[in-house]
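Colleague: So you can see what is in the structure, the chains are spelled out below.
Protein chains: 2
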Amino acid sequence: MVGGYFGKFLRVNLTDKKIDLIEFTENTLRQYLGGTGLGARVLYDHTGSPTDPLGPENLLIVMSSPFAATPIPTSGRIDVVAKSPLTGIWGEAECGGYWGSGFKQTGYDGIILKGKCNSPSYVLITDEKVEIKDARHLWGLDTYELDERLKKEISPKMRALVIGPAGEKMARIAGLFTDGMHGRAVGRAGLGAVMGSKNIKALVVLEGSKRPTLVNREKLLESIKKITPDLVQKTEKRKKYGTLASIPFCEETGDLPIKNWAGDRFKEGALKISGERMTETILVNTYHCNNCPMSCGRVVKIDQGEYAPVYGSGPEYETGGSFGSMCLVDDLEAVAKAHELANRYGLDGISAGNAIAFAMEALEKGLITKKDLDGIELTWGNGRAMVEMLHKIGQREGFGWILGEGVKRAARQIGKGAEEFAVEVKGLEPPMHDPRALASVGLAYATHPRGACHTAMSQALEVKMALPDMGYPNPLPPFQVEGKGVLVATMQDYIALFNSLGICRFMLFGGLTINHLAEWLQNVTGWDITVEELKKTGERLTNLKRMYNVRCGISRKDDTLPPRLLSHRRKEGGAVNYLPRLGEMLNEYYEYRGWSEEGYPTRKKLKELGLTDEIKDLPYPT
Amino acid sequence: MVGGYFGKFLRVNLTDKKIDLIEFTENTLRQYLGGTGLGARVLYDHTGSPTDPLGPENLLIVMSSPFAATPIPTSGRIDVVAKSPLTGIWGEAECGGYWGSGFKQTGYDGIILKGKCNSPSYVLITDEKVEIKDARHLWGLDTYELDERLKKEISPKMRALVIGPAGEKMARIAGLFTDGMHGRAVGRAGLGAVMGSKNIKALVVLEGSKRPTLVNREKLLESIKKITPDLVQKTEKRKKYGTLASIPFCEETGDLPIKNWAGDRFKEGALKISGERMTETILVNTYHCNNCPMSCGRVVKIDQGEYAPVYGSGPEYETGGSFGSMCLVDDLEAVAKAHELANRYGLDGISAGNAIAFAMEALEKGLITKKDLDGIELTWGNGRAMVEMLHKIGQREGFGWILGEGVKRAARQIGKGAEEFAVEVKGLEPPMHDPRALASVGLAYATHPRGACHTAMSQALEVKMALPDMGYPNPLPPFQVEGKGVLVATMQDYIALFNSLGICRFMLFGGLTINHLAEWLQNVTGWDITVEELKKTGERLTNLKRMYNVRCGISRKDDTLPPRLLSHRRKEGGAVNYLPRLGEMLNEYYEYRGWSEEGYPTRKKLKELGLTDEIKDLPYPT
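Protein chains in written order, with the numbering used here: chain A, 55 to 676; chain B, 55 to 676.
Worth flagging that the hints you see were computed from the coordinates, not collected in a lab.
All C-beta atoms in this analysis are idealised placements derived from N, C-alpha and C, irrespective of residue type, glycine included.
Misleading hints may appear alongside valid ones.
Calculated pairs, BS3-like style, for lysine-lysine (alpha carbon to alpha carbon, straight line, at most 27 Å) [stated by the list, open to error]:
1) B:K321 / B:K294
2) B:K670 / A:K470
3) B:K658 / A:K625
4) A:K355 / A:K294
5) B:K419 / A:K661
6) B:K658 / A:K419
7) B:K62 / B:K170
8) B:K321 / B:K470
9) B:K183 / B:K71
10) A:K611 / B:K625
11) A:K659 / B:K313
12) A:K625 / B:K170
13) B:K659 / A:K470
14) A:K187 / A:K62
15) B:K611 / A:K419
16) B:K625 / B:K419
17) A:K425 / A:K223
18) B:K658 / A:K470
19) B:K168 / B:K71
One side of the interface only, derived from the structure: several residues of chain A facing chain B at Cβ under 10 Å [said to hold, decoys possible]:
20) V286
21) K470
22) E473
23) P616
24) S621
25) L640
26) E652
27) Y654
Using the sequences provided together with the hints, build the complete structure.
Modeller: What follows is the structure, given as structure tokens:
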């Protein structure tokens, strides 16, 4: 047991209802921290290439972290790990809200679910015990309804991490959700389908009484106190307008995807769905996660009109893009409705928006007909049809079933040229940043262990952010190729730390540095951990996840982009004619990582990172 | 009946032994000429996406052309067309020799084989009749033996287009061969397997008495007489040393592939396997195809040493690369032996060399063992092992069976990372030019209708050739991106004409222009054909072949290169660090072609080319 940690990890076999605790050595905890890091260690050791992501042998790992339930800003985020049913490789996703700290307060640092319940169930975790309970009466409820119901049934203070109908029915783009109508989403990689495959509707925690030991509480509080004003002040715009505020700016620079990644401009539309517009119209409140000094969450309300009622979590940058510009929908109320429906059904809003935009294009091109779509007029800009289709996806009805499988599988099913405009990397639909506007985004999508993922935030350094502590006293020019390999690798490793410590990467905007992470970790755990060791840890985590994928057959051939992003030009706007020079960036990236030209970690690198047992899993000596 | 043509096309149904003639309108002949052009028309109309390339429903189309059996230099080349068993898309290959003119002299312009014989057979074509004859006693003979046997059995004057044991056993990298020990190969795309699948061992023609009408014989002869000295003189080096002469130069510029496309230099090796070295050592004669003023063919003889006996066709540039530098074999005698064995077994030397180099890498990396290779020590540079493995491939024994399926399928079979270094485009192994040394080569490989194919000769314009008549008064810089889209499109269309008229593209080195083609076609057929019409014809053919592939599911996503060629740098030599900027070139190419950004011919373009019936085969309106 280490300061910060309880060191208690629940292992729940849903098949035979066996529940026990597992322990990790202090060395393992220090090497993998928690969250997706420690999750990677567990997933690597217990699943692999033959594991069916939707079979009982897959694990659903929900991890807390050493910072959870401490006063550290944004601490207590949830990190979920499983083999992804969407991509067939490494799956991770995380989110904020309050479940993470609540879980930690019951005395645990993680829960590993294996097997499958016979019938719909939920797991109730309290200070005293862990129970697998009947959830047949909860099956079919959407995530908002479910949260309300559980509050009534169990306690208004309970916190639930749940799936909606989409997850129950194992849509491969389903996520896990928490905080009810405030809709915090563990969105990506279809991990909600894994939970659904296990017949688990919710993981419920009841106000626990446990608090982690903090080895040096005073010092920690002092440090937090010192940085907090910056964290508040420098993130003000996000507090004021939410992340949706970025839509018009990203439209201008060519970073905002439009019309299934084939459009050029959405200038007026962007203004209509902007954070400013939302603030002036449907916004009724803001919402913040545990210990967050920023508060980027929105609460919106629509009482009348065709999209009423809407009440709860409002669109952020990603859903503003995926349901807005991607579908050419410039009606903020339609976007807000879609955002809410994605949350209620328990769908990844990024993937769902991509899937609908893809279907709009397929319809426009005549590869599918209105009849295939059960009569839905899914034309560009038709917000009502988008919302109807989202219902179908969430309920897994008709064509919605196909779209719920994700863009890659849907395209294969449609055939006849649809694969050409299916935009995904390793099976994961990309978020709302465009490799043709920001070079590093292409490399980040091509190399992230979960597929098209931008959360390494390299793009922030191509816009206006500097990170002197990470070697970037100034931002990098967005179209520059040189240095982007190092940038993406550096940031992927850095953000891997955030997702292992359970804190929010947006704190970077507020001036959080890696020195804070090291210092706080020292204060919480008592480890004499240095910035250098932390950097090495980040690198270890990325390499372990890469090795997970290598075992699944991934190599350089897969580190690529779909044609739309690689060679389809934008013809107007801020990114006109630019195409990402992926090959050159990849070379820099591999070289910096110490990976072979085929994209395999070398034995030397693995040894250096203490991943010697993984060497045998390389397809051949490197 | 048009001048140059007899207008008689044989249709042979091998299943029910029905043989008849089909006719084409003069308009069709003028629009598609002959060779791969008219072949494309037939294949398009009678096969498609569901056709099993090795099933009886596939066609094997062997086409002559309006220039065959005329005095036109290099005329009478053979053009073979079928759906490719190697790639599953458009398949074409052609070669020189004497069969084409011989066939024409029996009175036919093409033969279309459908169905399948019950037992090994051959087709005998004479002035008087066409017969399907028993070939059970010929089954198993290699192509050299077979030619000798048929000469004895039928007539020393017979000419045979045959398959070897590899084609009989439907190796997907098997070709058709002619001229016996002089080994002219219809190598690419596995068309020999199609012939094998039909149980046809040979197409034999007996000295026919027919001669095509030449509408303006005098003018034709005059024009030929005028250009011939140039054709002779300007191609002298090839006459003197064969195409193998280019090996050291291409090694210097980084154009010669080395060590399965991952090597950097082969400087001394290149000198040891050069055309000059061959001339000094094992060369005993040269060989030229019908009416050829150049004579690039070699005849070599090895009487002693471990590779004896070798006697017949000697290595050219492609086999020098594929069995030489690709396998790091610097022993000219081993390369000559491999060249002969490929011919004898009836294997495409390019694909076979690629496959062996691939296997050498798989062994080095430990993905396969010596045991998997039936004990063969298939290490880099081991010429003896290479020759042993070639026997296995030709006989389809042990691991040779897998390699005979081509690199793509072999990699899939091996798994465990082998796909990463499987170098192919659309399933076809590339010839011996490197996209990292000559930008246009990458685009040519990515876009040619049969997969990785360099025969559009764009690369010649990146080295030293100028083609003023095609708009290129000067060569283009090899690493330049701009203009390469137009260059590759222009040359693909141009060379499509050569392969429809049955003449050799090497005549370009001798100063042949498109004006000659137009003039000769006028003189032969009497058509008032212009250079402009010819260019349009070339474009029509490329578009028709593209449409064949579009029907098979091909689009921009497939117009790409494997990682080795796209993003793996050469670290030394003339092409150090250069990577082809494929996306940019593709855009220029599509734009120039009037294709959509998804790589589909637009309706407008198809209409313009008279391909209106094909519009319905687009996956969606473009």
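Colleague: Against the earlier hints, flag every one the structure doesn't satisfy and list their numbers going up.
Modeller: 8, 12 and 20
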